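Please take these sequences and the hints and turn them into a complete structure.
Which chain is which? The protein sequence lines are G and V, in order.
Here the numbering used here is used: position 138 in the first sequence is 138, and no number is missing along the way.
Just remember that the numbering used here sits 1000 ahead of the position in the second sequence, which is counted from 1.
Please keep in mind that the hints were generated in silico from the structure rather than gathered at the bench.
Since this is a predicted model, take the numbers as computed values, not measurements.
Among the clues, some could well be false.
[Said to hold, decoys possible] Among chain V residues calculated to face chain G with C-beta under 7 Å, some are:
| hint | residue |
| --- | --- |
| 1 | 1050 |
| 2 | 1071 |
| 3 | 1072 |
| 4 | 1074 |
| 5 | 1081 |
| 6 | 1085 |
| 7 | 1098 |
| 8 | 1102 |
| 9 | 1104 |
| 10 | 1106 |
| 11 | 1108 |
| 12 | 1224 |
| 13 | 1226 |
| 14 | 1232 |
| 15 | 1235 |
Cβ coordinates follow ideal geometry from the N, Cα and C atoms, glycine included.
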Amino acid sequence: MTVQTLPAAAPDDISLRPVPWRRMAGVIWRQHRYALIGEIAVLGAVAVVLWLIGTSLHHDYAAALACRPAGSQACAETALTFSGSFAFLANGGILQPLPVLVGAFVGGPLLARELETGTFRYAWTQGFGRRRWALAKLVSLAVAVTVPALLFSLELAWYYQPYFATRNQAYDLTEMTPLYPALFDLHGVVFAAWTLAAFAIGGLAGMLIRRVVPAIAAAMAVYVGLAFATGAFLREHYLAPLVTTGSLNLPNSAWILSQWWTKGGAVVSPTTMNHVIDNTFTSVNPAVNSPGQKFLAYQGILQYLTEHGYTYWTRYQPGTRYWPFQWIESGWLLALSALCIAAAVWLVRRRAA
Amino acid sequence: MNVLEASGLGKRYRTHWALRECTLEIPAGHVTALVGPNGAGKTTLLNLAVGLAEPSAGNVKVLGGRPAGSQAALDGIAFVAQDTPLYKNLSVADMIYVTRNLNRRFDQAFAEARLAELGIPLKRKSGKLSGGQQAQVALTLALARRPRLLVLDEPVAMLDPIARHDFMATVQAAAAADDVSVLLSSHVLTELERAANYLVLLSRGQVRLAGGVDDLLATHRHASLEELVLAYLRENPVEVAN
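Written out as structure tokens, the structure is:
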């Protein structure tokens, strides 16, 4: 079975124009179509579910807003219906893993699979050049992963919009700050930025660990640590928090970081303060029935305490800082992703067989 | 022109030198057999030649002075690694597509005709092919790049005798008809017998013998390559030192 077909002799041109970048598009699609289709399938499925229940949520919200007369028993019930609607989604917790699921599962295997199966010996000896190959793959797939996430976050923004509406308070409806930690990274541009970061961390982990499953696991662990640290410690410091003594005038859109009492310049411990408030409550105790009366009761206590030398302090981030915070967080996540991708490309160039 | 020039070339992995003080010239137009016992440094030398590894000492140039691993070098060299890695989840047709797009030259008609002659279906996933078929696909992709130098690392180690024969026949035909220089490593000497006309013997990370097969056989008075290599390794035990 000797085969006679042979290639024509190689031409002798040494004019070395590199292989054009665009040729990588079809290569990337053929190699990573299942990962990309998988990403779009996962986000698409969640998007359909969110759209269905979101329609219902928005309907309940509209009903609560339209209810007249406000404060009636019937309106209290419509408000309750809205608050109870899909409460499992209201704090965003179960959607938090989405960026890392999408990002790490596309990014983790990208280089790790080549190293694990030995195909890097094929890929890195083709005429395209290994540094350009790695750069083309990482950058193209970073874009391919981020764009669907960006579209998906538009739907998330629509879904959660009733919770952030500024007029809710007047209707006695739940109103959350748009800076609420577990929701902040689910709407706006930050969702896509976190997805990109998960992808880039996965890509670098793959290059360092050289095994698919450990690379994905490592990327997830790093991501979870980073996301937790950001939400718990880092985010509130993006801009210097504001401090006020007029806590009753704060809108619900403010993200309250901490509150404390002082008397004569010294901080009063919460335990002491509870005693003081309990005693005050009995001395200034108007009947409390409606939200309006509740407000007056608080005001009464506050006024009483203020007259007796106590000051109530609140440290907070105003809701108007939502977009600056979105851009700050997206900015550093983008920088981190670029750094991870650059490091991965550098390692591809450096790594010996 | 020399297809490979190494000068003082060395490669160290941590404290162990896989290749040391390697100075070597392989002229164009030959099928060169790189032989030696396991661990002699054959794969290391090939990895250095194709740019997968960086030298720890010295340097290596290919195809008349192009630095190994450079754009110009990659353009003229096709490498088939040990175990002929292919993307298992891609079809043969997709492997052709990928290889064509990763290189400046690619002879699509040749690749398709040759795979048709071998009876390898283009639609089948690479991972579903037999070991012999995978090796043939990898070799076809490499040849279709129309390289000046074809580098094969242990190309027949995993193949059964018939597949070995077919594979080597293709290599020989390409080398003869095409002015392609071939550099292949193997510890299966009998398979190289017919094909190789230039020999490089490596042992313990150093070049022990290099030259045209006919010259070497005449000088050392042996009937075959195998005898020559075995006799040489027995007569010149390598100092056990590192």
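Evaluation of the provided hints:
1. 1050: holds, 5 Å
2. 1071: holds, 6 Å
3. 1072: holds, 5 Å
4. 1074: holds, 5 Å
5. 1081: holds, 4 Å
6. 1085: Hint holds; residue 1085(V) Cβ to chain G Cβ min 4 Å, cut 7 Å.
7. 1098: Given a least distance of 5 Å, the restraint on residue 1098(V) holds.
8. 1102: With a closest approach of 4 Å, the residue 1102(V) hint holds.
9. 1104: holds, 5 Å
10. 1106: Cβ of residue 1106(V) sits 9 Å from chain G, so the hint is violated.
11. 1108: Interface hint status for residue 1108(V): violated (10 Å vs cutoff 7 Å).
12. 1224: Hint on residue 1224(V): violated, closest Cβ of chain G at ~23 Å, above 7 Å.
13. 1226: Given a least distance of 23 Å, the restraint on residue 1226(V) is violated.
14. 1232: Where the cut-off is 7 Å and the nearest Cβ of chain G is about 28 Å from residue 1232(V), the hint is violated.
15. 1235: Violated, about 33 Å.
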